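Engineer: Here's the letter readout for the chains.
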Amino acid sequence: MTARLQPQRRRLLLATAATAATAASTAWPVRASALACPEVAGTGAINLIGNSFQAIQHIARIAEGCSRPGLKVVFKLTPQARTETEQAFASAGPSPFDAAVVSMGVFSNLYSRRQLQSLTALVDKYRDRYRIEEKMLVRMDGEVMAIACIQNTQNLVYRADLFDKHRLAVPATYAELLHAAAVIKARESSVAFAVAQGFAKGFDSATEFTNLLAGLGGRTFRPGSALPAFNGREGVEAIGLMRQLLPYMTPNALASNADDVVNQFQQGKAAMGVLWASRASRMDDPAASRVVGRMQFAAAPAARPGGPPAAHLWWDGVVLPRNAPRQREATFHVLMEALSEAAVRSGNDLAIWVRSVYVPGRFGTGVALAQRAGAPVWPGEPFFSLAHGEVGKVLPEALTGERSPQAALDAAAAAYTRAATEKGYIGGRA
Amino acid sequence: MKLRSFIGFVSPSVALMLALLALPLAMTVWLSTRNCALELELVTVQQTGPFGAHAVTTQRARVDAAGKAVQRCTSVGAAYYRDVLGLQPAGASGASGASGTPTAAANDDNEFFAALRFTLLYIAGTTPFVLVGGLALALAMNRVTQRLKGLFIAASLLPFIITPVVGALAIKWLFRDNGLVPHLLGHFGIQVFWMAQAWSAQLLVVLYGIWHVLPFAFIVFYAGLQGVPQDALEAATLDGASAWQKLRYVTLPHLAPLVVFVTLIHLMDAYRVFEPVVVLTQGAFTTSVQYLTYHVLLQEDNPYKASAAAVLTIAGIAVLLIPLLRKTWREQR
Amino acid sequence: MKNKLVGATLLYTGLALWLLLATLPVVWTVVISLRSYGDAFAAPLKWLAPLTLDNYRGLWIEREFYRNAANTAVVTLATVTISLSVGCLAGYALARYRGSLGFWLLITALVFRALPHSTLLPSFYAMFDALGIRNTTFTLVFVLVAINQPFTIWMLRSFFAGTPQELDEAAMVDGCTRLQAFRRVIIPVMWPGVVTTGLFSFLLAYNDFMLSSALTNAESDALLMQGVAGAVSITIPLIVLVAIFQKQLVSGLTQGAVKG
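Protein chains in written order, with the numbering used here: chain U, 1 to 430; chain V, 1 to 333; chain R, 1 to 260.
Derived by calculation from the structure, the hints in this document are not laboratory data. Every value quoted in this text rests on a predicted model; they were computed, and no experiment measured them. Here a beta-carbon is modelled for each residue, glycine too, at the ideal position from N, C-alpha and C. There could be a bad hint or two in this list.
Subject to a maximum C-alpha distance of 25 Å in a straight line, what follows is the list of computed PhoX-like cross-link-like pairs (lysine-lysine) [what the hints assert, rightly or not]:
hint: 1; chain 1: V; residue 1: K246; chain 2: R; residue 2: K4
hint: 2; chain 1: R; residue 1: K2; chain 2: V; residue 2: K149
hint: 3; chain 1: U; residue 1: K165; chain 2: U; residue 2: K185
hint: 4; chain 1: U; residue 1: K165; chain 2: U; residue 2: K269
hint: 5; chain 1: R; residue 1: K46; chain 2: U; residue 2: K269
hint: 6; chain 1: V; residue 1: K149; chain 2: R; residue 2: K247
hint: 7; chain 1: U; residue 1: K185; chain 2: U; residue 2: K269
hint: 8; chain 1: U; residue 1: K125; chain 2: U; residue 2: K135
hint: 9; chain 1: R; residue 1: K2; chain 2: V; residue 2: K246
hint: 10; chain 1: V; residue 1: K149; chain 2: R; residue 2: K4
hint: 11; chain 1: V; residue 1: K149; chain 2: V; residue 2: K246
To be clear about the criterion: a stretch of chain U counts as covered by chain R if any three or more of its residues have a C-beta under 8 Å from a C-beta of chain R, and this derived list gives those stretches [what the hints assert, rightly or not]:
hint: 12; region: 92-101
hint: 13; region: 262-270
Stretch-level coverage of chain R by chain V, calculated; a stretch enters the list once three of its residues show a Cβ under 8 Å from a Cβ in chain V [said to hold, decoys possible]:
hint: 14; region: 41-48
hint: 15; region: 63-71
hint: 16; region: 95-102
hint: 17; region: 145-153
hint: 18; region: 184-192
hint: 19; region: 200-208
hint: 20; region: 235-241
Just chain U, same shape as in the assembly (with noise of 0.2 Å):
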């Protein structure tokens, strides 16, 4: 045994090397180069965050790719990034993030703590260079506080074989859900639960509370102040409606989020439900969809006859908070490159974008048709948070049965005014 490798050893370890190098650089992604975002300048680093859905994750690609000797760009994703950010903005020191990817929930609570900076002066500037459309942008009295870059609702989504089979016309109201889901129920062996909704204690069930409250005509607040109004009659018939929902539902619908609902429906378990425009998609999804071709959408089913949808119209956009750190102009450029009409084009599938170049796929034009058909838009008061909080801790014991609506509600409502008294919303010198 020699201490020096043999020739042709050395040849076939340094070979192994090379491919070895070679398969590592190319599985290493490649870094957008330093051209891509010409406009950017600066030193340090821009620090940006966002939850860690896809389309979010496509931007932050594109904001990272726009790192260069010098400059760092870092995009946090993370499914508390709500939580990260309102912390981030209220803090007395510099924010530790530039700048935020928000929905437009959380941009009215940051709205109404005044911790957003306007972006009225870049916006005009650089208007042109980066095609920005008027309809991106969020003016509150003019001033353009936020850029929306991604839509949202929620929409019927439903088995076109199965209705067609059973010669069910697409539902326009709950009642003619409640219908449709029965005949299939009785009828339609092959699958399991007629109706897939989240239910799930907290976000999920009081968002599909408030799409019926609001499609109901109910209303949250008691007009022009932050008083409880959402435990009236309205209240107490949309659980009502929910409760009709759950006989069609799979036993576990009380624990069931989102994510829950798009299985179902993919392992052709279900068959209709009222879900989010942008998850609708992924019942094409060969890899994970049996159902493939077989769904299609229509507008969120009206809680009245007559009444609009009950769904909400939903934003999520870029904000720069008062307390950021220098260099606004830097972060501006990088949020714009993330958010140009180049990144839409690339990332289009990914979600519904705001952009006029988004080409809609088959369930792509769910926002339009049900902004044609009336949905609100999600509400924008700083305090709704806190009632939507309230109301999903005690829909779960309404839903079974345990706690009457009625008490549920109320003991909700007085949660909810404890709180928002504490914030000032209530009894304060508003």
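On the provided structure of chain U, position chains V and R as indicated by the hints.
Structural biologist: Frame of chain U, contents of chains V and R only:
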């Protein structure tokens, strides 16, 4: 060692603990008596966006000359304590009777007592099994052949050293719909949706607790078993004692201080149960005192109410620990 | 003889059952981490399914998990180093000092150990916010060190108490100061104890909720599977750790119990 040397040596550690444990603790107590709220004004704003334009009537913070939101902080005394304990449904900012409070439901779903109740249930549900199981496992491991011992002990320690988040997730994936356990149970005709109802969700959290802590009890007892006085055992054998009698009269008394030790540590740790509640059940049907503080702080975004919950939590552990601590102290002295 | 055979069978069957229960969650997680989403959570359950490394690739390369890993490594290493340095000094002093101040310090530390971490969060947030250092690695490290100090000084104290006093007394007679005696004479003897305490410090820092909570709550199938791969990736170092340092872990746990 002289006092001066002693102080010199411990000062870095004490300084750290003072700054980052004692001081925050004092601050938590102070925060629990305060409330800060933004000064709000009712405004109607013209909002335009992707869906068109509409007028929004909302509340917005007043700003000072520099454009920063104005905040008002006041002392509220024990108001948040009453709120957390559900003793009085009053608003903590001292606003007199927010009119129009709807038929106030009784505070039968008070979150703090629910959290305390489940935390105590968790402690009561895990401790006996941890102790008995740990002892049984230690006794069994003592008889395993030397070659296999290392492997068995390492495998047995796995649930204890695994990251709690990962451990809870692993159990969640075993028990979720279509997971391994429901599938196996289905073969016996038992169908349970583990995360969908209170009793199964709570049972799952308790099972996690037993799975996670049993190895700790096992390893402590196992080491203790190595120290059982051999001559006492031999004397007992000579006297004709059975295995059971030897266990009861020689081994167990020797292990008694270790049982106290394990119970004490487990009590402290179980009181802080958090990860399974957050990860396994996302707070549905289960809650805990630490989860409540965390939830109030981050979800309700109320550090003052969270501080009150925190102080009450600490009071709870003090009540639980003081008897045990006094006993240990008397024994030491 | 027959009784012994029956006894042995029962023993090993029982142990096998326990080992199955102990390792099943981890083993099952590894299994599903190597499957695609459709196979991992298929209804009904699939016992056999094609294996794939896609989830790991997605996690480590696309989601750039190596950044998280590097961050965790930095935080953990810094925490362990500082914990041990500060804790050794305190533990040694507590073992050598005879006065009652030492006793009270230990009791106070024990009380602090009982504190639920979230009870400190509200004031941490307020304090660090005012100082402007809230989201820094620096802050996280020192918080972890402080939270772990009570346990660390208890463990180190019991290890130091096991070292003979004659050693450092002899060194001081020879002219060393306390600190010199500590460094030159005691630490070399104490190395195993330090390693063990270091292991536990590592575990406490590594397993911290704030570091690992990123794994929870996926928004899509791909992210969920990457979360599974992440869970396994995080656990592998721990499995290696327990395999290598099993004896030290055992002795460490018992030191605290038997001598503490």
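Engineer: Hints first: check each against the structure and report whether it holds.
Structural biologist: Taking the hints in turn, this is what the structure says about them:
1. K246(V) x K4(R): holds (18 Å)
2. K2(R) x K149(V): Holds, at about 24 Å.
3. K165(U) x K185(U): Holds, because 13 Å separates the two Cα atoms, which is no more than 25 Å.
4. K165(U) x K269(U): Judged against 25 Å, a Cα distance of about 16 Å means the pair holds.
5. K46(R) x K269(U): holds (17 Å)
6. K149(V) x K247(R): Holds, at about 11 Å.
7. K185(U) x K269(U): holds (12 Å)
8. K125(U) x K135(U): holds (17 Å)
9. K2(R) x K246(V): holds (22 Å)
10. K149(V) x K4(R): Distance of about 19 Å is within 25 Å: holds.
11. K149(V) x K246(V): Holds: K149(V) and K246(V) sit about 23 Å apart, inside 25 Å.
12. 92-101: holds (count 4)
13. 262-270: The restraint on the region 262-270 of chain U holds, since 3 of its residues have a Cβ under 8 Å from chain R and three suffice.
14. 41-48: n = 5 at 8 Å, threshold three: holds.
15. 63-71: Violated, because only 0 residues of the region 63-71 of chain R bring their Cβ atoms closer than 8 Å to Cβ atoms of chain V.
16. 95-102: Since three or more residues must qualify, the claim that chain V covers the region 95-102 of chain R holds, with 6 doing so at under 8 Å.
17. 145-153: With 6 residues in contact (Cβ-Cβ under 8 Å with chain V), the coverage given for the region 145-153 of chain R holds.
18. 184-192: violated (count 0)
19. 200-208: Holds: 3 residues of the region 200-208 of chain R have a Cβ under 8 Å from chain V.
20. 235-241: Answer holds; 4 residues pass the 8 Å Cβ test.
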